[in-house]
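The residues making up each chain are set out below.
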Amino acid sequence: METIYQFFNGNLLLIYLLIFTIILGFEVISKVPTVLHTPLMSGANAISGVVIIGAIILIRQTEPGDYVGLVLGLIGVILGMINALGGFAVTNRMLEMFKRKKTTK
Amino acid sequence: MAINFYIELAYMLGAVGFVWGLRLLSSPDSARKGNLIAGVGMGLAIIAAMTMPIPGAANNYIWILSGLAIGGVIGTVTSHKVKMTAMPQLVSVFNGFGGACAVLLAIVEGERGLDTGLPIAGGQWSITLATLLIGGVTFTGSMLAYLKLDGRLGDNKLLLPRHQLVNQLFLLAAVVWGTMLFFKNETTSMTEVYAFTLLCLVYGASFVVPIGGADMPVVISLLNSFSGISAATAGIIYHNQFMLVGGILVGASGTILTVMMCKAMNRSLFNVLIGGFGGSSAAAGGKAGGDQTVKEVSLNDAAILLNYSKSVIFVPGYGLAVAQAQKVCKEIDDLLSENGVDVKYAIHPVAGRMPGHMNVLLAEADVPYPKLLDLDDSNNALSQADVAVIVGANDVVNPAAENDPSSPIYGMPVLQVWNAKHVIVLKRSMNAGYAGIENPLFFHAKNRMLFGDAKNTLSKLVVELKGL
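If you're matching them up, the sequences are chains A and B in order. Note that numbering that gives the first Met the number 0 numbers the first sequence so that position 6 is 5, with each residue one more than the last. Note that numbering that gives the first Met the number 0 numbers the second sequence so that position 180 is 179, with each residue one more than the last.
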């Protein structure tokens with residue numbers, strides 16, 4: 000239990016941030032029209048590519064000789080990048096279609 | 000220390016970009032800008048993660064840059080090649096990759112923590128184990144969802160007897176074992192960590208096995224939410240506020256979509272996860288069929304009916320996606336609109352295999368989004384409409400949901416197509432839909448059937464309409 004108290008006291012700001020972001024997230028996204036469900040989902044999906052930040056830091060902290068760490072980190076960066084860049088690109092492609100029709104109408 | 004200021008500022012702006020971007024994503028006019036802003040936020044954060052000073056770090060930039068390049072090329076190419084009908088599959092795969100990345104981080108960081116031989120801070124250790132569990136479930140769950148959506152795996156292929164019980168045991172085992180590892184802390188061996196990860200991965204796949212077909216929008220939304228949460232927990236491992244904010248926002252958006260999808264089906268999340276339509280439907284199906292007959296309509300009659308109507312409403316479903324019929328549908332829309340017919344589309348929230356699936360397909364075919372009506376508007380419009388044309392939808396137009404308490408979908412809000420003056424159902428055959436539930440609509444006095452592949456039938460209708 001002691002370690003939990005320590006973690007809590009040491010990360011108080013992070014925990015505040017966690018709680019407020021949950022509230023903020025629900026407030027910001029709660030009123031999505033049906034039209035945008037798929038783009039919102041794939042856009043949000045792209046954002047979950049933030050794990051790439053962790054993978055970058057991981058590689059940077061790895062010893063140059065630690066090939067297991069480097070390869071795992073490399074896979075992490077590749078997967079994260081596919082998720083992030085691919086996600087934003089495909090969302091943009093979808094939204095482009097929504098936009099084009101608006102001008103033709 | 001100026002450099003630290005700029006790094007933190009970049010992270011902060013990145014996080015603001017996410018919030019602002021998501022805000023704009025929830026309105027059709029600003030959505031594209033929102034996506035762009037969120038993307039820029041991510042770019043800023045990647046630069047910050049590359050340049051932030053880490054004392055004594057070897058950096059290994061060449062590895063990072065190759066990873067960014069390989070991932071960037073794969074991501075960009077797939078996102079440009081993918082067909083709009085395959086969007087649910089793509090989102091699932093990308094989603095799974097995020098989960099896999101979080102698992103890798105947790106394994107490597109876990110190993111580094113254990114290597115020191117010192118107790119890992121309790122919170123930190125529990126977060127690492129949680130990341131393994133949530134990330135693992137996200138990864139294999141999404142991959143299995145992909146296989147199902149892509150038709151590579153039938154809905155019942157891997158189903159074990161009493162599969163729900165198996166899943167509950169898996170979850171129980173993961174939680175109990177995770178708690179045990181938590182208390183073992185620094186005495187945990189890496190073998191145990193790997194074995195625990197393996198269990199989480201198997202559970203993730205097993206978790207999605209019993210869920211299929213019309214329940215897919217729910218499970219995709221849920222996995223989307225999980226991938227966000229695993230990113231957030233990985234953020235706590237790295238004490239990185241930016242990852243935390245991004246992950247939680249995704250978790251929130253996935254949760255909201257999950258709840259919306261469940262509401263649209265009038266089922267609780269629990270019910271979707273443990274239920275599945277299967278069981279009770281066979282009994283319900285037995286009594287309705289038999290002596291009742293359906294009436295067919297000829298292509299020519301259908302064309303005349305459509306052409307001389309004041310208002311026509313299309314009701315698309317998953318069959319439209321399977322037949323890739325969205326563009327032909329739009330062609331008919333154009334022909335009718337030229338003749339002064341008011342054409343609209345009634346979209347049920349769970350039509351298709353992911354939230355908003357139909358909207359994207361119709362957008363691809365250049366249908367302006369103000370023509371797409373949501374559930375409430377659709378039902379208002381349907382009561383005034385002359386003809387409702389159902390293209391590849393079944394359960395979402397089933398009147399049994401309103402008037403047959405014994406039906407498995409009783410209570411689910413449906414599109415009341417029978418309120419239109421005429422109904423035409425385009426259908427491949429008389430087989431029941433995914434849910435295996437008999438649809439009394441087909442026997443309704445107002446209804447006429449047009450049998451055949453949706454795209455094929457609609458193309459023939461175009462010819463007929465042009466000939467009128």
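Source of the hints: derived by calculation from the structure; they are not laboratory data. Mixed in with the good hints there might be a few duds.
Covered by chain A, per the in silico footprint, the following chain B stretches (three or more residues, Cβ under 8 Å) [claimed, not checked]:
id	region
1	26-39
2	52-59
3	71-79
4	201-212
By construction, the Cβ of each residue, glycine as well, lies at the ideal position given by its N, Cα and C atoms.
Within 8 Å of chain A's CB atoms, at least three CB atoms from the region 71-79 of chain B: coverage verdict:
With 7 residues in contact (Cβ-Cβ under 8 Å with chain A), the coverage given for the region 71-79 of chain B holds.
Apply the coverage criterion to the region 26-39 of chain B and chain A: a residue qualifies when its Cβ sits closer than 8 Å to a Cβ of the chain, and three qualifying residues are needed.
n = 10 at 8 Å, threshold three: holds.
Can you take a look at whether the region 52-59 of chain B is actually covered by chain A? Rule is 3+ residues, C-beta closer than 8 Å.
holds (count 5)
Count the residues of the region 201-212 of chain B whose Cβ falls closer than 8 Å to any Cβ of chain A, and tell me whether that reaches three.
It is violated: at least three residues are needed, and the region 201-212 of chain B offers just 0 whose Cβ sits closer than 8 Å to chain A.
Of the hints listed earlier, the one the structure fails to meet is number 4.
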